[in-house]
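Participant: Below, each chain spelled out in residue letters.
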Amino acid sequence: MSFRARHLLGIEHLAPDEIRAVLDLADRYVDLNRRTVKQSDVLAGLTQINMFFENSTRTQASFELAGKRLGADVMNMSVASSSVKKGETLIDTAMTLNAMHPDLLVVRHPSSGAVNLLASKVNCAVLNAGDGRHEHPTQALLDALTIRRAKGRIQRLTVAICGDIAHSRVARSNLILLGKMENRIRLIAPPTLMPAGVGEFGCELYDDMAKGLEGADVVMMLRLQKERMDGGFIPSEREYYHRYGLDADKLAHAKPDAIVMHPGPMNRGVEIDGELADDINRSVIQDQVEMGVAVRMACMDLLARNLRAERGRAAVGVMV
Amino acid sequence: MILHFTNLRLIDPEALSEDEGSLTVENGVITARDGAAAKGARVIDGQGKCLAPGIVDWGVKIGEPGERHRESFRSAGLAAAAGGVTTIIARPDTKPAIDTPETLEFVTRRAAESVVRIRHMAALTKGREGAEMTEIGFLRDAGAIAFSDVDRVAVNTKALGRALTYARSLGALVVGHPQEPGLSAGSAVTSGKFASLRGLPGVHPLAERMGFDRDMGLVEMTGVAYHADQVTTARTLPALQRAKANGLDVTAGVSIHHLTLNEIDVGDYRTFFKLTPPLRSEEDRLAMVQAVADGLIDVICSMHTPADEESKRLPFEEAASGAVGLETFLPAAMRLYHAGALSLPQLFRAMALNPAKRLGLPQGRLSVGAPADLVLFDPDAPFLLDRFKLHSKSKNTPFDGQRMEGKVLATFVAGAQVYGETV
Numbered sequence: 001m002s003f004r005a006r007h008l009l010g011i012e013h014l015a016p017d018e019i020r021a022v023l024d025l026a027d028r029y030v031d032l033n034r035r036t037v038k039q040s041d042v043l044a045g046l047t048q049i050n051m052f053f054e055n056s057t058r059t060q061a062s063f064e065l066a067g068k069r070l071g072a073d074v075m076n077m078s079v080a081s082s083s084v085k086k087g088e089t090l091i092d093t094a095m096t097l098n099a100m101h102p103d104l105l106v107v108r109h110p111s112s113g114a115v116n117l118l119a120s121k122v123n124c125a126v127l128n129a130g131d132g133r134h135e136h137p138t139q140a141l142l143d144a145l146t147i148r149r150a151k152g153r154i155q156r157l158t159v160a161i162c163g164d165i166a167h168s169r170v171a172r173s174n175l176i177l178l179g180k181m182e183n184r185i186r187l188i189a190p191p192t193l194m195p196a197g198v199g200e201f202g203c204e205l206y207d208d209m210a211k212g213l214e215g216a217d218v219v220m221m222l223r224l225q226k227e228r229m230d231g232g233f234i235p236s237e238r239e240y241y242h243r244y245g246l247d248a249d250k251l252a253h254a255k256p257d258a259i260v261m262h263p264g265p266m267n268r269g270v271e272i273d274g275e276l277a278d279d280i281n282r283s284v285i286q287d288q289v290e291m292g293v294a295v296r297m298a299c300m301d302l303l304a305r306n307l308r309a310e311r312g313r314a315a316v317g318v319m320v
Numbered sequence: 001m002i003l004h005f006t007n008l009r010l011i012d013p014e015a016l017s018e019d020e021g022s023l024t025v026e027n028g029v030i031t032a033r034d035g036a037a038a039k040g041a042r043v044i045d046g047q048g049k050c051l052a053p054g055i056v057d058w059g060v061k062i063g064e065p066g067e068r069h070r071e072s073f074r075s076a077g078l079a080a081a082a083g084g085v086t087t088i089i090a091r092p093d094t095k096p097a098i099d100t101p102e103t104l105e106f107v108t109r110r111a112a113e114s115v116v117r118i119r120h121m122a123a124l125t126k127g128r129e130g131a132e133m134t135e136i137g138f139l140r141d142a143g144a145i146a147f148s149d150v151d152r153v154a155v156n157t158k159a160l161g162r163a164l165t166y167a168r169s170l171g172a173l174v175v176g177h178p179q180e181p182g183l184s185a186g187s188a189v190t191s192g193k194f195a196s197l198r199g200l201p202g203v204h205p206l207a208e209r210m211g212f213d214r215d216m217g218l219v220e221m222t223g224v225a226y227h228a229d230q231v232t233t234a235r236t237l238p239a240l241q242r243a244k245a246n247g248l249d250v251t252a253g254v255s256i257h258h259l260t261l262n263e264i265d266v267g268d269y270r271t272f273f274k275l276t277p278p279l280r281s282e283e284d285r286l287a288m289v290q291a292v293a294d295g296l297i298d299v300i301c302s303m304h305t306p307a308d309e310e311s312k313r314l315p316f317e318e319a320a321s322g323a324v325g326l327e328t329f330l331p332a333a334m335r336l337y338h339a340g341a342l343s344l345p346q347l348f349r350a351m352a353l354n355p356a357k358r359l360g361l362p363q364g365r366l367s368v369g370a371p372a373d374l375v376l377f378d379p380d381a382p383f384l385l386d387r388f389k390l391h392s393k394s395k396n397t398p399f400d401g402q403r404m405e406g407k408v409l410a411t412f413v414a415g416a417q418v419y420g421e422t423v
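Chains A and B are the protein sequences, given in the same order.
Per the working numbering, the very first residue in the first sequence carries number 1; after that it's consecutive.
Per the working numbering, the very first residue in the second sequence carries number 1; after that it's consecutive.
Take these hints with a grain of salt, some might be off.
[Unchecked claim] Calculated cross-link-like contacts (lysine-lysine; reagent style BS3-like; alpha-carbon spacing at most 30 Å):
1. A/Lys180 / B/Lys126
2. B/Lys312 / A/Lys121
3. B/Lys49 / B/Lys389
4. A/Lys121 / B/Lys193
5. B/Lys389 / B/Lys407
6. A/Lys121 / B/Lys389
7. A/Lys121 / B/Lys357
8. A/Lys226 / B/Lys193
9. A/Lys68 / A/Lys38
10. B/Lys49 / B/Lys357
11. B/Lys193 / A/Lys211
12. B/Lys49 / A/Lys121
By construction, these hints were calculated from the structure, which means they are not laboratory data.
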């Protein structure tokens, strides 16, 4: 197996063969998840803690389900009611949890880099479920799996990522992953929502949807992250929808078989037309949710294998 | 007591020379260059190493009053002596700020615990809030050497203008922090590719120029003597050059960290590299080094900012800003010397002579009659930096674990040895 990582902190640290390893294994978990009896025991005996410092319904549910289907003991830490509110630092929380000997720690945090910090203080495998505007690696992996299954490959595609790129960790992780797999990437956003220096990553930048979508195989829409904005990025939602919201007219500029993606939750009528989002011929948004569980199962399975191997080596005193 | 230093490379920032020679010190003052050893003098054989005027470090944060757990006058003095710093120009951004003659008297009294000289800056406005000016006259009488609100930039330009006008009438030197506060609000790093990759909020480098331009307008308006604490981006340099050419009474500094590190050093969110202003691009760093070599930037400082472990063990955006720099000042500066970017006399011109001249101090010179504040150092001695061995109470150095070249062998203040083995 070519997956070598100890933690899954970001796509940045993964090599293309590691990405392929995750996708290949996830394909098999898709099959498992479609059976009536969806049970495996590869994580049996392991403890998975989901620690979400930021509200999330979908991602947390997806990780929880993934862990349970693989037989792990899953615990959700509700941070709203925890000691974080009492002034305990992130490190203290991590050390406390670490003392309970978890094996897999799934963390979401509003600050970029917080999950990296946490990972440096614990003995278990850490999965980044989204940190600030930095990375959301499992989202990029599930997007890649969705694309590979819909398009038959994850290379040499033209992928347009549209919308609130500045505030999006999903965009960053996808940008890195799709770049590593040698795709042509276009970023489409109003200039106020385009992060500085992003052109140096080797992608093409557009502020016009029609031009940017020209000939695209994949159209990834992003949620307008109003909660991360401190005001004045766009004039109004209706003008944003008019210029950057995806509807059938704008989609007509892309390839006729282009697929439409969205990481959810959607703001219908802001970044995407409601009917288009539900169009099973174009939209793969529901597939993304399904792939999400499978990809998270694959990631946790692979990390657990490395964790067991590492502990095995430590137990027999082999230098690592 | 007569000291006779012999067998040395004398680093003379005034003459921009480094010659082999000897130096005689009597009663804390330099009395002769290349003279004979007087009878009964204590002879110190420099073994071919370098002797330079002690560093005058402009802009050191000491945690008294309010944060003595981060740094005390005693610990700062020891760290300074170990880094070749013989005069500390302390910052007023304490808790509370040094904005009354009474607080100034308190820190002046406390500073007696330091083994190196300490002079204090006072706040320009009450509580450093940029609204009402402090008692600049009383504070000057009580010994304030300059006036600064440090990194808190005044938003009320009219009030700032009044404070500068008043300072001008007293001949007080004002230290500004060139930054457009609206643009830099909430930022943790310099905007650009790196900031975007790490998902950190960035500030455009032009925010510094905009702040500098505003301040230059006020300097032209009021005629005040102004020192920019840190100029860190290439785009500010033409404005600085213009201001000097137009005859404004303006000087500028830069921190040793901005001369030796760049934004990429932040790496995986290493908070010891979080500074104010943030680390810049490599192009900016090189431009700053060149500006020091050209004399456009006058002063190099350490911007010593002690931060405890708790305030740095946080996600990058939330972590405290600043790095300790006193003890690593000279070794870090040697990086520039070994890279061939700056000569030793050029370095000591910016680290000792220029700040002393600007502040009206007699230090920073090797000439006869100057105070015998001296540092004996080996520019080539290698070592591995271990932050827990620093004298400072706070250990937040960006150079932790790095290979350094350049060691202070001995430090003298007014002819008395304050650091190093008995030589």
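Participant: A separate judgement is required for each hint: does it hold in the structure or not?
Facilitator: Tested hints:
1. Taken as a hint, the lysine 180 of chain A and lysine 126 of chain B pair is broken in the structure, with Cα atoms around 54 Å apart against an allowance of 30 Å.
2. As the CA atoms of lysine 312 of chain B and lysine 121 of chain A are separated by approximately 14 Å, the hinted pair is consistent with the 30 Å bound.
3. For the given pair, lysine 49 of chain B sits about 24 Å from lysine 389 of chain B by alpha-carbon distance, which is consistent with the 30 Å threshold.
4. Taking the CA atoms of lysine 121 of chain A and lysine 193 of chain B, the gap is near 28 Å; set against the 30 Å cutoff, the hint holds.
5. Distance check on the hinted pair: lysine 389 of chain B and lysine 407 of chain B sit about 14 Å apart at the alpha-carbon level, within 30 Å; holds.
6. Among the hinted pairs, lysine 121 of chain A with lysine 389 of chain B is consistent with the structure: their alpha-carbon atoms are about 23 Å apart, no more than 30 Å.
7. Taking the CA atoms of lysine 121 of chain A and lysine 357 of chain B, the gap is about 48 Å. The hint is violated against a cut of 30 Å.
8. Distance restraint check for lysine 226 of chain A and lysine 193 of chain B: the Cα-Cα separation of roughly 23 Å lies within the 30 Å cut-off, and the hinted pair is therefore satisfied.
9. The suggested pairing of lysine 68 of chain A with lysine 38 of chain A holds, with an alpha-carbon distance near 10 Å, which does not exceed 30 Å.
10. This hinted pair checks out: lysine 49 of chain B and lysine 357 of chain B have alpha carbons roughly 26 Å apart, not beyond 30 Å.
11. For the hint pairing lysine 193 of chain B with lysine 211 of chain A, the CA-to-CA distance comes to about 24 Å; that is within 30 Å, so the pair holds.
12. A C-alpha spacing of about 44 Å is found between lysine 49 of chain B and lysine 121 of chain A, which places the hinted pair above 30 Å, so the restraint is violated.
In this structure, the hints that do not hold are numbers 1, 7 and 12, in rising order.
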